[in-house]
Each structure stands twice: as C-alpha cells, then as structure tokens.
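Residue numbers (the working numbering), protein chains in the order written: chain A, 1 to 294; chain B, 1 to 264; chain C, 1 to 372.
Treat the hints with caution; some may be incorrect.
[What the hints assert, rightly or not] Here are the simulated lysine-lysine pairs, DSBU-like style, with alpha carbons at most 30 Å apart:
#	chain 1	residue 1	chain 2	residue 2
1	B	LYS95	A	LYS12
2	A	LYS241	B	LYS228
3	B	LYS228	B	LYS63
4	B	LYS184	B	LYS256
5	A	LYS105	B	LYS3
6	C	LYS114	C	LYS178
7	C	LYS318	C	LYS338
8	C	LYS318	A	LYS12
9	A	LYS107	B	LYS63
10	B	LYS184	C	LYS114
11	A	LYS105	B	LYS259
12	B	LYS63	A	LYS256
13	C	LYS32	A	LYS12
14	B	LYS259	C	LYS165
15	A	LYS195	A	LYS105
16	B	LYS63	A	LYS236
17	B	LYS95	A	LYS107
Keep in mind the hints are simulated off the structure, nothing from the lab.
Listed below, chain by chain, are the residues.
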Amino acid sequence: MALRSSFGTKWKRSFAGWRLIGGPFLFGFLLLLAPLFLMIALSLWTQDYLDLDRTPTLNNYRDIFSHPVYVMLIKRSVSISLFVTMVTVLLAFPMAYYISFYGGKYKAIWLFLITIPFWTSYLLRIFLWKIILGYNGVVNSSLLSLNLIEEPLSFILYNANAVVIALAHAWAPFAILPIFVSLERIDRSMLEAAKDLGDSAIRSFFRVTLPLAMPGIISAALIVFIPTIGDYVTPKLVGGKDGLMIANMIQVQFSKANNAPLGAALAITSLMTVLLISLGFLFFNRRYLRKQTQ
Amino acid sequence: MKKPSVFLFTFVVIYLVFLYAPIMLLPLFAFNDSSIIAFPLSGFTMDWFIGLMSENTLHRALKNSLIIAVTAAVISTCFGILTARAMARHDFIGKRPSFGLIMAPLFLPEIIIGVALLIVLIQLGVSLNIWTVILGHILICTPFSVSILYSAFNNMDRSIEEASLDLGETRFGTFRRVIFPLVKPGVIASILICFTISLDEFVIAFFLTGVEPTLPVYIWAQLRFPSKLPSIMALGFILLLISLILLAVFEYYRRKSEKLIGKS
Amino acid sequence: MASKNMMNEQMHEQMVELSNIRKSFGKLEVVKGIDLNIAKGEFFSLLGPSGCGKTTLLRMIAGLEVPDDGVVVINQQSMNGVDANKRPTNMVFQSYAIFPHLNVGENVAYGLIKQRLPKAELRERVDAMLKMVDLDGYYDRPSYALSGGQRQRVALARALILEPKVLLLDEPLSALDKKLREQMQDELRRIQRTLGITFILVTHDQEEALIMSDRIAVMFDGNIAQLGTPQEIYDKPVSRRVASFIGVMNFLEGKCISKNKTSIVVDVESLGQISFPRDIIPEDTSLDQLCVGFRPEMFTILYNKKDKAENEFSSIVKNVDYYGDMSYYTLSLPNSDKDIMVSMRNTSGRYVYDLGETIRVGWRSSSLLVLN
Numbered sequence: 001m002a003l004r005s006s007f008g009t010k011w012k013r014s015f016a017g018w019r020l021i022g023g024p025f026l027f028g029f030l031l032l033l034a035p036l037f038l039m040i041a042l043s044l045w046t047q048d049y050l051d052l053d054r055t056p057t058l059n060n061y062r063d064i065f066s067h068p069v070y071v072m073l074i075k076r077s078v079s080i081s082l083f084v085t086m087v088t089v090l091l092a093f094p095m096a097y098y099i100s101f102y103g104g105k106y107k108a109i110w111l112f113l114i115t116i117p118f119w120t121s122y123l124l125r126i127f128l129w130k131i132i133l134g135y136n137g138v139v140n141s142s143l144l145s146l147n148l149i150e151e152p153l154s155f156i157l158y159n160a161n162a163v164v165i166a167l168a169h170a171w172a173p174f175a176i177l178p179i180f181v182s183l184e185r186i187d188r189s190m191l192e193a194a195k196d197l198g199d200s201a202i203r204s205f206f207r208v209t210l211p212l213a214m215p216g217i218i219s220a221a222l223i224v225f226i227p228t229i230g231d232y233v234t235p236k237l238v239g240g241k242d243g244l245m246i247a248n249m250i251q252v253q254f255s256k257a258n259n260a261p262l263g264a265a266l267a268i269t270s271l272m273t274v275l276l277i278s279l280g281f282l283f284f285n286r287r288y289l290r291k292q293t294q
Numbered sequence: 001m002k003k004p005s006v007f008l009f010t011f012v013v014i015y016l017v018f019l020y021a022p023i024m025l026l027p028l029f030a031f032n033d034s035s036i037i038a039f040p041l042s043g044f045t046m047d048w049f050i051g052l053m054s055e056n057t058l059h060r061a062l063k064n065s066l067i068i069a070v071t072a073a074v075i076s077t078c079f080g081i082l083t084a085r086a087m088a089r090h091d092f093i094g095k096r097p098s099f100g101l102i103m104a105p106l107f108l109p110e111i112i113i114g115v116a117l118l119i120v121l122i123q124l125g126v127s128l129n130i131w132t133v134i135l136g137h138i139l140i141c142t143p144f145s146v147s148i149l150y151s152a153f154n155n156m157d158r159s160i161e162e163a164s165l166d167l168g169e170t171r172f173g174t175f176r177r178v179i180f181p182l183v184k185p186g187v188i189a190s191i192l193i194c195f196t197i198s199l200d201e202f203v204i205a206f207f208l209t210g211v212e213p214t215l216p217v218y219i220w221a222q223l224r225f226p227s228k229l230p231s232i233m234a235l236g237f238i239l240l241l242i243s244l245i246l247l248a249v250f251e252y253y254r255r256k257s258e259k260l261i262g263k264s
Numbered sequence: 001m002a003s004k005n006m007m008n009e010q011m012h013e014q015m016v017e018l019s020n021i022r023k024s025f026g027k028l029e030v031v032k033g034i035d036l037n038i039a040k041g042e043f044f045s046l047l048g049p050s051g052c053g054k055t056t057l058l059r060m061i062a063g064l065e066v067p068d069d070g071v072v073v074i075n076q077q078s079m080n081g082v083d084a085n086k087r088p089t090n091m092v093f094q095s096y097a098i099f100p101h102l103n104v105g106e107n108v109a110y111g112l113i114k115q116r117l118p119k120a121e122l123r124e125r126v127d128a129m130l131k132m133v134d135l136d137g138y139y140d141r142p143s144y145a146l147s148g149g150q151r152q153r154v155a156l157a158r159a160l161i162l163e164p165k166v167l168l169l170d171e172p173l174s175a176l177d178k179k180l181r182e183q184m185q186d187e188l189r190r191i192q193r194t195l196g197i198t199f200i201l202v203t204h205d206q207e208e209a210l211i212m213s214d215r216i217a218v219m220f221d222g223n224i225a226q227l228g229t230p231q232e233i234y235d236k237p238v239s240r241r242v243a244s245f246i247g248v249m250n251f252l253e254g255k256c257i258s259k260n261k262t263s264i265v266v267d268v269e270s271l272g273q274i275s276f277p278r279d280i281i282p283e284d285t286s287l288d289q290l291c292v293g294f295r296p297e298m299f300t301i302l303y304n305k306k307d308k309a310e311n312e313f314s315s316i317v318k319n320v321d322y323y324g325d326m327s328y329y330t331l332s333l334p335n336s337d338k339d340i341m342v343s344m345r346n347t348s349g350r351y352v353y354d355l356g357e358t359i360r361v362g363w364r365s366s367s368l369l370v371l372n
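Between the sequences and the hints, there should be enough to build the whole structure, so can you do that?
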C-alpha cells in the first residue's frame, strides 16, 4: 500500500518535471535521435544515381572495409586525433597548473586571457595558421631573414603536422579549463601533508597532484578527441592531400559523389570508432574516476 | 605565493605566444597596404575596410547570420531555462536519459549532427534555407545554455521560492518577481554565448544552408580567392572586436549572477 | 458541567488542529500519524533531533508540503487543497530566504504588494514593522549588506506584516551565535506576547524550547513522544529517551520487589530499596526491568558535617567540569562501577571540590523518577 502510493506520487512528480523538459526533449528527439536512427537506416540502403533502393544490405560497410582509401582515412583520422589529443593535453597541463598554483588573485584574468583567442572566427584562426606556416609565411620569412635556413621549409604546411598544430591551438581552452577545475579542487593541505610525510616536490606531484587531477585530464582528452575526429575545416585548409580526414570524405559523398548511403555508413563507422575508443579510454582510467565520486 | 620555476614560467610565456600568434596577424594584415598576405608589411591602409561596405553578398550573409544567431540564441536559451530548471528542481522518471539526449550534441562531432539533420531534411523533402540552419544551431547551442543556467537554478536557495509562495504570491508571480530576476544575468549570459557560437558555426551551416550563405560560409567561399584575403582579414578583425565586446558583457553578467545567487 | 466545558473551549480556542497527519518521502515515512491541537495565542515548540519529522510537520502546516493522509485545520477551516499562498500562516525560514535582489523595505513589503495599498500607507506600514523588529531606518539597505541577526529580523518583519493567524519559525536562531541567540529569544517572546499571534517554533535546542514555549511537543522518529508544558517535560519525562534528550539525566537500573494498590517497592542499583507511589509508574512498564532517573541538581553535596539528608552516601570525585556558575561532579556510586553526575551552583564562598576528594551526597527518594 505504502509502496503503491509512493509509486503514484513518483508519476505525479514526474509530470511537473516533464512539463518543463518535454519541449527541449522532443526537439532533441526529433532533430537528433530520430535523424541518427534514420542515418543508420540510410547506411543500410543503396543509391543508384537518383533512385534509392531501400532493401537493407551491409554492402556500404563491405565497401568501406574493402576499399583501402576509406580504411586509410579512418586510420589516419584516429591517429591524427589521438596525436592532437596528446599534444593538446600535454601543452595545456602546465598552463592550467601555472594558473591554479601561481595565478594568485589573477586566476579569473588568466582564464579570460586564455579564452580570448578562442573567440575569433574558427575558420580564420585555422586559416591564419596557413599564413604562419606557409611557404612565404611568418615562420619561413623570419627564419630566412635570420639566415637560419637557406630556403623555405615545406614540411610544416599541407600535411598532418600542420593539422596537429592548428588543432592543438584551436582546442587549447577546452583542454585547459577542465584540468584547471580539477587542480583547483585539490585541497592544498594535502600537498602540505605529502611534504610533511617526507615527499619531495616532484614525488608529491606524481603521487598526489597528478592522480587527483586525472578526472580533469580525462575529460580534457575526451573533449578534444571527440570533435577532432569529425573535423572538416582544418584538414581541408592546412592538411593538403596527406592531411585529409574522414569528415572530408563524408562531405564528398553527400555532394560531388552523390552517394548519401555510403556517406551515412562512413559517418556511422566513424561515430562507432569514436565511441569505442572513448569507452576504452574511460575503462582504462576508471580507477581515477571512481576516486572522484567517493 | 611561491614563485614558479624558470622552466614553467618560460613555458607559459611561449604557450601564450602560441595562443596569440594567429590573432595578432589579423590587425597586421587588415591594415596592410598590399593584396598579398605575406611579410614584409608594406604600409597602412583602410581600403580593405572601406571595400567591405560595397560587398553585397557579405551584407546578405551578415543579415542571414544575424537572423540565425538571434533566433537560435533566444530559442536555445528558452530550452536551456526549461531544462536547467527541470534538472535542478524536479525528480522525474527518465531524468538522466532525457538530460543525456539534450546534452549529447556537446559530445558528438559536428559533422555527424550536420549529416544526420541533412538526411532527415532531404527525406522529408524540406528545402534548405536559413530555418534549417537555425534548427541545427538550436541543437548545438542548447547544451551550452543548460550548463550556464544550471548552476544559477541549482545554487538558488529553495526557501527563497517557498518564502515567496508563503507570502501569498502565486507560482507565476514567484517566477516573475523572484526566480526570473535572480537568473536574469545567467539568461543574458546564455543568450550572448549562444549568439556567438551560432555566429561562428561553420560545419552545420555549410551542410544545412541552401543558396543563402551565412557569414562563415561566405568567408569559406572567399578563402579560395587570394585577392579577397585582405578584406577577409579586415572582416575577421571586426568580428574579433565584436566577439570581445560580447565576451566582456557576458563576463559582466556572469559575475553579477554569481553575486546574486552565489558561486557554484 | 456542559457550560463549564463550553467555557473551557472558548478560553482555549484551537488555532491549529492536526489529525492523523502522515508523510513519506519515497519509502521513508517521516511523519507517522500525528494528532495535535495548538491553541490561539500559544507559543508552541516542536522539539526533536534532526530527522524526527518536525520540519516536515511545520511545512505541512505552511502548505509547502502536502500530507499523504490526514487533515490540517487552521482557524476552524480545513486546509486540504489550499496552497501555501492562500493560508493564514507565514514562515520564517531557517536560511531566512531574504530576496537578494530586493532591499530591506522591498523584502518586507513583498507580500503586501498584492493588497494594492496606496504608496504612502504601504511605506507607513513597512516602517512601523521595521521599527517593531528594531530595524528603524533600514528601508533602503541592500539585503546583502545585512548581518545574520538583521536578516532574521527582516524575515520576521516580512512574515508578520501580513498579520498571519499563525507564525511558523523553522530553526530561526540556529545560525546565530550564542549571545545574539539569547537576545533574539527574548525578543521573539516579547513580540509574540505583544501581538498575541500563535507561534509554532521548530527547534532541536532543548534549552531554547524550554525558555520560549508555552507548550512543547517532543518528537522522535515521526511521532510525538511527549506533549506538555516545559516544566512537565523537564520534571516528568515519560520515557528514558525524552529524559535524556531534555537536559542531563542520570539513569540507574531497578527491579520491582513488591507491590500493592498504592505503592511499589523497587530495588534500585546501589541505592537500595525505595518505595514509590503506584501511580508514578506508567501502565505498560515491565516491572522486572525498570529505569530510574534523576537529574544532577536533584542530589545535594553535604558540605558540613552537621548537614543531614533523607538518604546519603560518600563518594570520590572522579572528574570536575567547572562552568563558572555551576560545577558538575562525576562520582561513582557505592558498590557499583557506574558513574553519576551531580551539579552544584557555585554560590559565594562555596568550595569547589578537586579530583580525588571524598564528598558526602544527600538525596531524597521523591526526586527519583521511574521511566519507561
């Protein structure tokens, strides 16, 4: 009896919540969840010029895994993304550490300073890297004028290196902020306790600071990794032929190649890849995440 | 406060140079009197800014972007208010899954969202126009709005609403006289952030816009023509200034919100 | 007989009547069928440890929480289905819930706005109320610039200006420091007497309840354990639990040896056989296992050899807690390893014993209580 009434009130209370969240939920359902399912369906269909053949088949996926170019693009996207993630997080950590431990009362201003470049047009930011790294670019012309090189370096633009530099720059604030937040949460008396118990500064960094900052590092890594795999602009602008990634191929399927089902299958494949790698990453770091919830 | 090691300090300086290098070039080339984007610089000019005034496509793109950004910002902030309020104050069946769905765009590559929406719109036979871009932008802006507004709703002392009811005010009156004034700075901050995100968003707009370009789509098209680059630099510089002003206003309202309701 | 009853009812006109109030949160039942009447003009306290359901009960009177079962009647009108904003009650919240975006005057005027009074009259009433709570001239103060005590006064003024039939106070003094708390206790009592409004106070502080209330309901686990005046509750607690929650109480074990219609003889641990009147023992008490209690101030230290008492024993001082006005001695009972606490007021010139000294303690059997 008591159980039934509490069940009833749970439904009744649910109504109040759903009255608020219903609209946004329905929007998300219709414009995200339903489209994702339709995308899965589309990936099982085939396109013949303008006709869509709706008999379900795995042919598109078979195509993807039998054509070296698709497999190569996915592999390259994953490895570039992993590399970008690593570089971005490695560069972001000391910055976040500096703000958190030495920022004093200027922490807010430091954070503001970090986010300002992020508010320039994304397209232009990537494009400006092209100017910096280009044949007559800032780097080459200054190195030339200093007589450090005799002819312009060409390995810095139109390849994967350029993509990594541009993206490590583009995602910087997204990596710094979560790491900063997790460093801020560390009770400073814990570090004093570690010192008091005989740890040197370096030892206490590895035994206390770093493990406690792991949740922030993990979320920074995910925040950078997930959108990078699907990035379209950067490879197109600075990646050259060898820097193109899977998103560029998806776009081609939806426009020039006019093979939407194959495009959908590519999108699903990359989405699954992102999902698997992210889950694997979370799994291997689960002990750090558990600590945080305790 | 202890001093950082020389090593760390040097790193921070170099990293800041790295962060600021691209945008430092914007004003340099925006005022540079040469149609080629390269060093050495040749002289000061305002020509590129003046040239922007007669670009009709740019004006159309700007108008489209403003319509899209304002609409998307207002609607996603409304969604943000509803979601944040429901998450902060209500317990209901399906709370976590529905919240997960609303926040999901934050964790999906934009190209996936763009492609998925494109497929649906094509299947439904909807022709692409600025309204289809608005739909996509609402989807990606709502999670940002929720994260800004959630702390405002969550940190608000529950008894403040109860006090208003207890003093004879209706639920609607309580919203009007107490809740809204307290979350208003957060709402303004959310509108500004969503506006800025929408104004700058390229991939989804690229997929979903029809013949009507948005500002980033226009810029993307211009980047192919070297002769157009200096005026794009000038345009980028103007956009940077606008973003900075909006950001400063945003920061002002965020702090006001913290002062009213308390920090998270 | 009938007319006497009617007079009685008129004198004690009920303001709040609760019958069989129940409330659960999920599977946890926090209020378990409470019946309670509170009279007009009474200062009533709900006293209990945290989680006993006292705040939930108060919130159900306010209409902020809906009972699962039972009826709330205020001023002879059923409140079922009546929202908080339509009830003749107002509340002072534990956090005070001062509206941070409004200044002091706007906070106090918050509920009055609905009445659409002329501006001058509104201002006049707010000023009068501010004067009453000792915040004269604070009308334009921003609310964030207020101290804890001032916030509390604003919360009080804001509630009282609506002239509620019942004022509900949810732990209103718990956030204040000791000095300020004592001052506010006096002031609340003064305001209540002046206005004659029914006050219902929720508190976990037994001292506060004893000082301020006309009557107290002691609550444990969603039930009322005892209802009575402060003196009844302090002097005649109905159970060991109530006794140990209110003030300090020493407990000894006892066993019934013999009984007749008027008296009962109990063998009390180390104090020996004592005869009690039959009616002080609750009906349902098991006679084999009795609990006998006495308060520290009920035993006296016999300072002079000449001093005599009904009963006495000697003991060594094991510990002294010196409070300035009082000393609390921990003593061991004869032929027992149990410690008891005895308190003495440090009147002028009275000697304060030290550890290890032997003292004589006198007591009367009438100061012992038999408890459940």
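Here is how each hint holds up against the structure:
no., hint, verdict
1, B:LYS95 - A:LYS12, "holds (14 Å)"
2, A:LYS241 - B:LYS228, "holds (24 Å)"
3, B:LYS228 - B:LYS63, "holds (20 Å)"
4, B:LYS184 - B:LYS256, "holds (9 Å)"
5, A:LYS105 - B:LYS3, "holds (14 Å)"
6, C:LYS114 - C:LYS178, "violated (37 Å)"
7, C:LYS318 - C:LYS338, "holds (11 Å)"
8, C:LYS318 - A:LYS12, "violated (60 Å)"
9, A:LYS107 - B:LYS63, "violated (38 Å)"
10, B:LYS184 - C:LYS114, "holds (23 Å)"
11, A:LYS105 - B:LYS259, "holds (17 Å)"
12, B:LYS63 - A:LYS256, "holds (29 Å)"
13, C:LYS32 - A:LYS12, "holds (22 Å)"
14, B:LYS259 - C:LYS165, "violated (36 Å)"
15, A:LYS195 - A:LYS105, "holds (24 Å)"
16, B:LYS63 - A:LYS236, "holds (27 Å)"
17, B:LYS95 - A:LYS107, "violated (35 Å)"
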